[in-house]
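Just so you know, the sequences run in chain order B and U.
End of the first sequence = 143 in our numbering, gap-free, step of one.
End of the second sequence = 286 in our numbering, gap-free, step of one.
In case anyone wonders, no lab produced these hints; they're calculated from the structure.
Do not rely on the hints blindly, as some may be mistaken.
Unchecked claim - Computed footprint of chain B on chain U; a stretch qualifies when at least three of its residues, placed anywhere within it, have a C-beta under 8 Å from a C-beta of chain B:
#1 179–192
#2 218–227
Stated by the list, open to error - Derived Cβ-Cβ restraints for the label pairs, each shown as a range:
#3 ALA53(B) x ALA181(U): 52 to 62 Å
#4 TYR37(B) x ALA196(U): 39 to 49 Å
#5 VAL242(U) x THR54(B): 20 to 30 Å
#6 ALA271(U) x ALA85(B): 10 to 20 Å
#7 ALA228(U) x TYR105(B): 13 to 23 Å
#8 THR245(U) x ASP91(B): 40 to 50 Å
#9 LYS103(B) x GLY230(U): 36 to 46 Å
#10 ALA271(U) x LYS103(B): 34 to 44 Å
#11 ASP234(U) x TYR37(B): 42 to 52 Å
#12 ASP240(U) x THR102(B): 34 to 44 Å
#13 VAL99(B) x TYR266(U): 48 to 58 Å
#14 GLY98(B) x GLY231(U): 41 to 51 Å
#15 PRO238(U) x ARG94(B): 20 to 30 Å
As the structure is a computational prediction, the values presented were derived from the model and not from experiment.
C-beta: ideal position from N, C-alpha, C; glycine also.
Number of protein chains: 2
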Amino acid sequence: MRNTARWAATMGLTAAAVCGPLTGSALATQSTPAALYAPSALVLTVGHGHDAATVTPERAVTLTCAPTASGTHPAAPQACAELRAAGGDFDALRPVDGVLCTKLYNPVVVTVEGVWQGKRVSYERAFANACVKDVYGGNVFSF
Amino acid sequence: MRNTARWAATMGLTAAAVCGPLTGSALATQSTPAALYAPSALVLTVGHGHDAATVTPERAVTLTCAPTASGTHPAAPQACAELRAAGGDFDALRPVDGVLCTKLYNPVVVTVEGVWQGKRVSYERAFANACVKDVYGGNVFSF
Numbered sequence: 001m002r003n004t005a006r007w008a009a010t011m012g013l014t015a016a017a018v019c020g021p022l023t024g025s026a027l028a029t030q031s032t033p034a035a036l037y038a039p040s041a042l043v044l045t046v047g048h049g050h051d052a053a054t055v056t057p058e059r060a061v062t063l064t065c066a067p068t069a070s071g072t073h074p075a076a077p078q079a080c081a082e083l084r085a086a087g088g089d090f091d092a093l094r095p096v097d098g099v100l101c102t103k104l105y106n107p108v109v110v111t112v113e114g115v116w117q118g119k120r121v122s123y124e125r126a127f128a129n130a131c132v133k134d135v136y137g138g139n140v141f142s143f
Numbered sequence: 144m145r146n147t148a149r150w151a152a153t154m155g156l157t158a159a160a161v162c163g164p165l166t167g168s169a170l171a172t173q174s175t176p177a178a179l180y181a182p183s184a185l186v187l188t189v190g191h192g193h194d195a196a197t198v199t200p201e202r203a204v205t206l207t208c209a210p211t212a213s214g215t216h217p218a219a220p221q222a223c224a225e226l227r228a229a230g231g232d233f234d235a236l237r238p239v240d241g242v243l244c245t246k247l248y249n250p251v252v253v254t255v256e257g258v259w260q261g262k263r264v265s266y267e268r269a270f271a272n273a274c275v276k277d278v279y280g281g282n283v284f285s286f
């Protein structure tokens, strides 16, 4: 099934490559074929505070999940697997079992912007402290 | 000057590493030191149409410019250099000389989300066609 979809996509690309030049452009060498897969590319940020509108992003990482997991996220393959399991719904990420966090209130806010499987993502979530943030999903927010 | 700044940042990190554990966390092994540089991490998308709110992103690439250029952007080092030259202002990107584009109206819209040198970026720009898009800056929007 997966291979069938890939072949179908490849055939589509071939058609685009053949028909593309008909549109004629001075930058024909920089042609941009139709994507073979729905793009999944995200930027995640974290900063201290509880409202992204006022928080300076202290760290920012990229996470690409298609065609392969990559990016500056420190655990990209695991983060992509967690997001796939959650159907791309960041709110569906659950804390991993067996980790105890301090109750210290030192809020951090995470933002996620970009595209997940072809749909735009704009997400923001505050956590009581960095430990609590890290345990949601296990890897996605741990950067 | 640059080295001085680096040393100062390193000293700051050392202090953070020494003082960090005082906050105590069950995930101490996943400690998150202060960044050594202002983050620059972006997701760029492109789709056919003239309004990002209604356009499906057909492609999305990541672009990280600090500490080194990386990402799924096909020309990350050049794109980062162009953005640095423009002071991170996407509107300041100028068309490269010597490229002629068709007048065909087949609009594409580019979006940029993420962080540039520690400041949040949310940018959108429509171009008459993909050729016109590619020539702005030369590499930034050519993906």
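Do the hints match the structure? See the list:
{"no.": "1", "hint": "179–192", "in the structure": "holds (count 7)"}
{"no.": "2", "hint": "218–227", "in the structure": "violated (count 0)"}
{"no.": "3", "hint": "ALA53(B) x ALA181(U): 52 to 62 Å", "in the structure": "19 Å, violated"}
{"no.": "4", "hint": "TYR37(B) x ALA196(U): 39 to 49 Å", "in the structure": "23 Å, violated"}
{"no.": "5", "hint": "VAL242(U) x THR54(B): 20 to 30 Å", "in the structure": "42 Å, violated"}
{"no.": "6", "hint": "ALA271(U) x ALA85(B): 10 to 20 Å", "in the structure": "42 Å, violated"}
{"no.": "7", "hint": "ALA228(U) x TYR105(B): 13 to 23 Å", "in the structure": "43 Å, violated"}
{"no.": "8", "hint": "THR245(U) x ASP91(B): 40 to 50 Å", "in the structure": "45 Å, holds"}
{"no.": "9", "hint": "LYS103(B) x GLY230(U): 36 to 46 Å", "in the structure": "43 Å, holds"}
{"no.": "10", "hint": "ALA271(U) x LYS103(B): 34 to 44 Å", "in the structure": "56 Å, violated"}
{"no.": "11", "hint": "ASP234(U) x TYR37(B): 42 to 52 Å", "in the structure": "31 Å, violated"}
{"no.": "12", "hint": "ASP240(U) x THR102(B): 34 to 44 Å", "in the structure": "58 Å, violated"}
{"no.": "13", "hint": "VAL99(B) x TYR266(U): 48 to 58 Å", "in the structure": "38 Å, violated"}
{"no.": "14", "hint": "GLY98(B) x GLY231(U): 41 to 51 Å", "in the structure": "43 Å, holds"}
{"no.": "15", "hint": "PRO238(U) x ARG94(B): 20 to 30 Å", "in the structure": "49 Å, violated"}
Checked against the numbered hints above, the structure breaks hints 2, 3, 4, 5, 6, 7, 10, 11, 12, 13, 15 and satisfies the rest.
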